[in-house]
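Protein chains: 2
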Amino acid sequence: MISKQGMKRTICYQGIPGAFSHIAAQGFFGNQHTFTGLSTFYDIFKEVEKEKADYGVIPVENSLAGSVVENYDLLYTHNVSVTGEYYQPIRHNLLVRKTTQKEKPIALKEIQKVYSHPKALEQCVQFFRKHRHMNPVVYNDTAEAARFIASTEERNIAAIASQEAATLYDLDIHKVDIQDNPNNWTRFLIITSLHRKQDILAHNTMYKCSLMFTLPHKPGSLHSIIGIFANAHLNLSKIESRPIHGTTFEYVFCIDVEFHSHDYSLVRDLIQSCVEMTNEIKVLGYYRKAHIEK
Amino acid sequence: MISKQGMKRTICYQGIPGAFSHIAAQGFFGNQHTFTGLSTFYDIFKEVEKEKADYGVIPVENSLAGSVVENYDLLYTHNVSVTGEYYQPIRHNLLVRKTTQKEKPIALKEIQKVYSHPKALEQCVQFFRKHRHMNPVVYNDTAEAARFIASTEERNIAAIASQEAATLYDLDIHKVDIQDNPNNWTRFLIITSLHRKQDILAHNTMYKCSLMFTLPHKPGSLHSIIGIFANAHLNLSKIESRPIHGTTFEYVFCIDVEFHSHDYSLVRDLIQSCVEMTNEIKVLGYYRKAHIEK
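These protein sequence lines map, in sequence, to chains A and B.
Numbering of the first sequence is given in our numbering, commencing with residue 1 and proceeding in unit increments.
Numbering of the second sequence is given in our numbering, commencing with residue 1 and proceeding in unit increments.
No wet-lab data here; the hints were simulated from the structure.
Cβ atoms here follow ideal geometry from the backbone N, Cα and C, with glycine treated the same way.
Careful, some of the hints might be misleading.
Stated by the list, open to error - Here are the simulated distance ranges between beta carbons: (1) A/Ala-107 x B/His-133: 35 to 45 Å; (2) A/Thr-10 x B/Gln-101: 54 to 64 Å; (3) A/Lys-282 x B/Ser-237: 20 to 30 Å; (4) A/Leu-266 x B/Thr-77: 32 to 42 Å.
Claimed, not checked - Straight-line C-alpha distance at most 25 Å; calculated DSS-like pairs for lysine-lysine: (5) B/Lys-113 x A/Lys-119; (6) A/Lys-50 x B/Lys-130; (7) A/Lys-238 x B/Lys-282; (8) B/Lys-238 x B/Lys-218; (9) A/Lys-113 x B/Lys-119; (10) B/Lys-109 x B/Lys-130; (11) A/Lys-130 x B/Lys-46; (12) A/Lys-175 x A/Lys-98; (13) B/Lys-119 x B/Lys-109; (14) A/Lys-50 x A/Lys-8; (15) A/Lys-130 x A/Lys-119; (16) A/Lys-119 x B/Lys-119; (17) B/Lys-289 x A/Lys-218; (18) B/Lys-238 x A/Lys-282; (19) B/Lys-8 x B/Lys-46; (20) A/Lys-104 x A/Lys-130; (21) B/Lys-238 x B/Lys-282; (22) A/Lys-289 x B/Lys-218; (23) B/Lys-98 x B/Lys-130; (24) A/Lys-8 x A/Lys-52; (25) A/Lys-238 x A/Lys-119; (26) A/Lys-119 x B/Lys-46; (27) A/Lys-175 x A/Lys-109; (28) A/Lys-218 x A/Lys-238; (29) B/Lys-218 x B/Lys-282; (30) A/Lys-113 x B/Lys-113; (31) B/Lys-130 x A/Lys-46; (32) B/Lys-218 x A/Lys-238; (33) A/Lys-238 x B/Lys-238; (34) B/Lys-113 x B/Lys-102; (35) A/Lys-218 x B/Lys-238; (36) A/Lys-130 x B/Lys-50; (37) A/Lys-289 x A/Lys-8; (38) A/Lys-289 x A/Lys-238; (39) A/Lys-238 x A/Lys-282; (40) B/Lys-113 x B/Lys-98.
Input sequences plus hints: build the corresponding full structure.
Here you go:
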């Protein structure tokens, strides 16, 4: 919807070009914008809050690794609004340095060290079990591992990263899809400043609303909140409780409510009726439900 | 309770001596047992399932990083029973190589590289902001980082790890408690074979029961399950939904129900009444509720 307007936006993500966050940002917005890689998630929130960037793209959940709780903590404490979601399939590839015409191509059995982010290495355990001569070596980031092996003269090393990283850093893809589980995806949220005018909801479209709240300490309080949405036949696509950052037994709850655009005012009313049942409640935003593209 | 019987048990954990999992295992069982460090969580489940080890100690949640979903996946798919929980405070320390009498002690400003697990580095962001000349370097594990710096002659490096790792690898603690957030703890579960006789519940004691289940795809089904416990005035200390490993939109729910030992048969009956409302349900175990020791 943003690309249709033909406006060039500034979008920030965590990492360097070729990181899955960068690929997701391009997947959501298209390629024609300015994409800025920052070192931390915190930096993204600050840039968006100060309106130095139009949008930020942050991972919140991976199908294998679970929630990125750091970003939920940041969503709870920063003045930003969620304006979209995007599911990025995570496909890991074994990348090696391009060989010159004089050199023999590197054989699988010659590869001794494989650099990548610890999560990516974990997600290729079966691959390492099959190729026991390869040693996984942890690196900050998948794309950084790719950039590193492109920069070194060492021959018997490889990186696990995206196909996009292979293109960007001019590497050969030795083997595609080496992840154990084909159903590996990361859900990203798109955040923007609270002051940015939100789009009007499209007709006949599925939306989500993300909420975070804390509850009074009594049995049944969560049941009552969930009942509000259950009685209206609305589906919850996520529910999670976790200790509030910095406390021991105070919990914050995150839920995502799915709704049809014609139920928008109903959902707003239901959320209003949650207010008196919660200690604190924050509506992160209303946004179009996304689907996983394969 | 195990140490009272004076029996020596075999207990496995993930990592090497000095890892937080090792410290938690000793905290729960006492020091007089045989502790075996294994490379993966999967290995722990296999050892316990085959009764090659009496118990396994696995991290399931960190107050700052969230759930260790890999272990929930393993709990769901393996024939083990949860028989205890333990909260381990996570305190990070800056460790340096011991200097000989001839050498000057290493000054903070001389330290150029700091090795540790990526999560530990993340949890000391404020420390790195204060000491911008230090570069965090990712390593497999906190204890392994400590062992590494003990083994090298390089002078200007440090590791972030536990005090126990400092003792084990004969390192100096340059600075204690460098974590950003003092409220950093990891919750561990103690697993054992299904065939091991469980202890009888103690009188007048708080217990927990952990459940994992999948629900039919209709709005309100989660509300009904939670209602079973809410109507009996039982508190849920954890609730989480996440995609089933290997699927896209099928969710598995994890809940922890707190109960007083005199309500044990009530809780068993309530769980029985959940069976027909779920597609599949697994009772991970009944175990004594633990507290966080500071």
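Each hint tested on the structure:
| no. | hint | verdict |
| --- | --- | --- |
| 1 | A/Ala-107 x B/His-133: 35 to 45 Å | holds, 42 Å |
| 2 | A/Thr-10 x B/Gln-101: 54 to 64 Å | holds, 57 Å |
| 3 | A/Lys-282 x B/Ser-237: 20 to 30 Å | holds, 22 Å |
| 4 | A/Leu-266 x B/Thr-77: 32 to 42 Å | holds, 40 Å |
| 5 | B/Lys-113 x A/Lys-119 | holds, 22 Å |
| 6 | A/Lys-50 x B/Lys-130 | holds, 23 Å |
| 7 | A/Lys-238 x B/Lys-282 | holds, 20 Å |
| 8 | B/Lys-238 x B/Lys-218 | holds, 22 Å |
| 9 | A/Lys-113 x B/Lys-119 | holds, 22 Å |
| 10 | B/Lys-109 x B/Lys-130 | holds, 11 Å |
| 11 | A/Lys-130 x B/Lys-46 | holds, 19 Å |
| 12 | A/Lys-175 x A/Lys-98 | holds, 14 Å |
| 13 | B/Lys-119 x B/Lys-109 | holds, 23 Å |
| 14 | A/Lys-50 x A/Lys-8 | holds, 18 Å |
| 15 | A/Lys-130 x A/Lys-119 | holds, 18 Å |
| 16 | A/Lys-119 x B/Lys-119 | holds, 11 Å |
| 17 | B/Lys-289 x A/Lys-218 | holds, 18 Å |
| 18 | B/Lys-238 x A/Lys-282 | holds, 20 Å |
| 19 | B/Lys-8 x B/Lys-46 | holds, 20 Å |
| 20 | A/Lys-104 x A/Lys-130 | holds, 23 Å |
| 21 | B/Lys-238 x B/Lys-282 | holds, 16 Å |
| 22 | A/Lys-289 x B/Lys-218 | holds, 18 Å |
| 23 | B/Lys-98 x B/Lys-130 | holds, 24 Å |
| 24 | A/Lys-8 x A/Lys-52 | holds, 14 Å |
| 25 | A/Lys-238 x A/Lys-119 | holds, 22 Å |
| 26 | A/Lys-119 x B/Lys-46 | holds, 22 Å |
| 27 | A/Lys-175 x A/Lys-109 | holds, 13 Å |
| 28 | A/Lys-218 x A/Lys-238 | holds, 22 Å |
| 29 | B/Lys-218 x B/Lys-282 | holds, 20 Å |
| 30 | A/Lys-113 x B/Lys-113 | holds, 22 Å |
| 31 | B/Lys-130 x A/Lys-46 | holds, 19 Å |
| 32 | B/Lys-218 x A/Lys-238 | holds, 14 Å |
| 33 | A/Lys-238 x B/Lys-238 | holds, 14 Å |
| 34 | B/Lys-113 x B/Lys-102 | holds, 23 Å |
| 35 | A/Lys-218 x B/Lys-238 | holds, 14 Å |
| 36 | A/Lys-130 x B/Lys-50 | holds, 23 Å |
| 37 | A/Lys-289 x A/Lys-8 | holds, 24 Å |
| 38 | A/Lys-289 x A/Lys-238 | holds, 13 Å |
| 39 | A/Lys-238 x A/Lys-282 | holds, 16 Å |
| 40 | B/Lys-113 x B/Lys-98 | holds, 16 Å |
When each numbered hint is compared with the structure, no violation occurs for any of them.
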